[in-house]
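Protein chains in written order, with this note's numbering: chain A, 14 to 340; chain B, 223 to 452.
Since the hints were derived computationally from the structure, they do not count as laboratory data.
Here are a few chain B residues that face chain A, going by a calculated C-beta distance under 7 Å: (1) S339; (2) N340; (3) A341; (4) A344; (5) K345; (6) L348; (7) I351; (8) L352.
Here are the simulated lysine to aspartate or glutamate pairs, EDC-like style, with alpha carbons at most 20 Å apart: (9) K172(A) - D238(A); (10) K349(B) - D265(A); (11) K81(A) - D355(B); (12) K345(B) - E268(A); (13) K345(B) - D265(A).
Ideal Cβ positions, reconstructed from N, Cα and C, are used throughout, including at glycine.
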Amino acid sequence: MAAPLPSIPRALSSPHSILPSPVLLRPQSLPLHRRQTPGSAVSAAFQWNRKPQLAGETPRVVVVTSGKGGVGKTTTTANIGISLARFGFYVVAVDADAGLRNLDLLLGLENRVNYTAVEVLNGDCRLDQALVRDRRYPSLELLCISKPRSKLPLGFGAKALTWVVDALRSRPSSAPQFVLIDCPAGIDAGFITAIAPANEAVLVTTPDITALRDADRVTGLLECDGIRDIKMIVNRVRTDLIRGEDMMSVLDVQEMLGLALLGVIPEDSEVIKSTNRGYPLVLNKPPTVAGLAFEQAAWRLVEQDTMTAVMVEEEPKKKGFFSFFGG
Amino acid sequence: MAISGDLKAFGTFASYHPKHPLRPALSSSKVQLGRFLNRGSNDLRITPKWPHMEPPSSGTAQNDHRCFGIGGSKLSSATISQDAEGFLLNAINMNFFDRLSLAWRILFPTRTARRKSNARIAKQRLKMILFSDRCAVSDEARQKIVRNIIESLSEFVEIESQDKVQLNVSTDPDLGMVYSVTVPVRRVKPEYQDSEEDYRGKITGITYKDTGETSETVDVTFDFFIPNEN
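Pulled out of the complex, with its shape left as it was, chain B reads as follows (with noise of 0.2 Å):
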């Protein structure tokens, strides 16, 4: 993975900008590479900001952080040494004490702490086990649960196995609280099934017989379809 490495990196320096403030930018634009590393190559991601490469390459100290945000797999070697010599281009424009401010923040980087802090992470914690705790249910009553959902279900399906029927709770960071309820099921009942009816009277052939400009008459056949009384 030496491409996404070298892309880390170029992202880091891509991404300083003179007149930004300096820390929050660092740490938005690892973030950002690392997410779209982490997913791959995702195509509908990538395409809208492929045109914002153009900047880099034309050497404009207005640079977009944000363009160095692409996936990996997608970008050619070629396309990383234009960045590399935007980069450089970059720089030479830069005066001695912006290199020397950049230099150090390459030599010593910054704690990006922010992410970790101990306040999110209580945070995050604390909205888990407040989430698990509100909506902790009791054992009987998820037997309970379990059975009406099967009752309820036998209505419509025949239900392969009653002890295979499971309730699982598991939070999600957007929905919050899960209920899940796995059912195997065997058929549906057939008075539920596509009956056979719905299909009554539609057409399901037509024969068209031109029996030639002389007579002025068309023979069209049409087939209906008729379900047969079993």
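Next up, chain A with everything else stripped away, as it sits in the complex (with noise of 0.2 Å):
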């Protein structure tokens, strides 16, 4: 764990995450080995290699799914994938979608992609060869289905897939903490594919209401497979437009679907600047708001946390020239 933490994100989580330690609060109540000289103190008071505690059982395999496409699955799984791995914990990050794959590109692993889960199943290379490790962060590992020249890649399946993740929990050395799999647009075979090994969902949606008709459906499919812990990131949220009423707001949204919010991540250039690069968004230094939103839905993705939307505030009527007739 290379970096230390920017203090920023402690004062921007959300009302509803508790601080765990008073001693970002009351700094004269630091250990006796720890006081440093009185300039210092009111920085010692932030812990700046604070991590989030784990919650659930490990290996926590989580999908991030949304149904439509388009509205920041694999963005959303390559970030917090990113923010996991500087957390410390281990991750494996799947790319489920066997026909078309992108999760490498957004991490920037595109080149080192040697062998995919096919060959591995197949018997033509071992499981660790195929699992392409980041440079930066090492404790992030990739894997993808399939080899996108390939023809048709039938014979992956639910249990196919179920099989890979399993032999990632019983990998002897560095059994990951987490797999986050990124599943495919739609509701067909792709879809099928990737909730089969899963406990946990993550749904990203935008608040427009074609993504959050799809976002329905798509809780539906999830629930009759079995996945009950479902959680929400509103993607693309343009506070402005909330303002001016032409865009649905994160409250309507929650109200909507009646799901857990994990995240609200606001519509940043950023992304796709980031996407060009290779170089995920969570990275950016300083960080950008994106960035910030995504390591803090990382943090309560991890402590099994959630957070309630707020009312964006009407802005305050502009007083223009002809104010003094109350207009």
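Need the complex rebuilt from these two chains, each delivered in its own frame; the hints are there to steer you.
This is how it looks when you write it as structure tokens:
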């Protein structure tokens, strides 16, 4: 775990999450051996290498799905995966889209994918040869299902993916604590394959009516499959449109879908830039708004916490020239 | 509908209160008036508000704008001129800038776009579509529902014709999805009809004969109902 976490996420964390330690609030209660010069007492009060407490049984197999395409599943998987690796957890990110592969592009690892899960199943290579380790954060590994140039990858079904996840789980060294499965768009065979090994789901949606309808359908399918723990991330939120009542607010979305909220990611042009560079958004220094939101969402995912949406304040009425007329 | 037109206008004017934030007061009063006017005269709603008519004619600056949300047919022209007087009295009491802004607002009414904002439309549509998606039932299920209902009801009633039984799925803004099954019934099966046995032993008539003060007896005859054995 190389870089120290900035202290900004603490201050911005949701009102729902409880500050775990009183050290942050009362510097004078520091233990003696930590006493430093009075000038740095406040900075010592912020613990720089805080880690979230892992909740739930390991490994946590989480599928990131959405139904509708293009809402930000792969971006979410990549950024949350990197955030988790930065916190120090062992993460395996699986790109469960057998035909069209994108997670490697977002992580910047597309040149290093030599073997895929199909070859592991065929016996051409070992499992750890198919796992691509990230150079910056070695606790993150990527697994792709198949090479895009091969013909229709028949035969990679739910059982195969479940086998792969079990093989990962039973690795003697460094069994992963998190397995993030990036689900393909749609609700057909690829979706059914991806959700088969999962215990929890993160539903990514945007506040527009098409995505919400599909998200609702996917929620029904997930619950049918037995995945009860579904949390929602609302992506591409534009607070200016919400204030102008042109876009549904996050409160409306929560009311309509009835799912617990894991995070709200504002629309940020940095997403496109970071995709183009192959450098995940959360690693940007200085951190961007969307990056911070992803990191908070990852924190909540680890601690199995949720957030509550708040109402966007109405902007104060602009005082125009004729304001003394009350207009 | 000249009267209703004027009432709308008066509602707008009279809702102006120099101290209140103007825009929300305007839109809410318009909406209230519109609702009342559409319902015609609804006596139960009008009468409690009727006593509030007094304050405007007294000419105080504290107007309760809600008192003007009253249906059209009940008000007479006398009351309307009372409102106009009250309004004029208030207008005279305002200072120059208040009157100027009132005039501005009358001449250039602001768009009340809040009700019809895109977000609200989207939310409404989404609600309807989610209801219909969640509760959409297949054809096979529909037939089974109809058959089960016919079977259960046939125990109690004689159904007119099995083909005429219909299942309707509709959405109601308050209840959400509503499933209604329409069953034409010929008559109730005899064993479930109100039977005459319930009336066995009930008294059907009393005759009372007073035989006078001399004898100290009274003759009373009770008639009981015995269902005749068919």
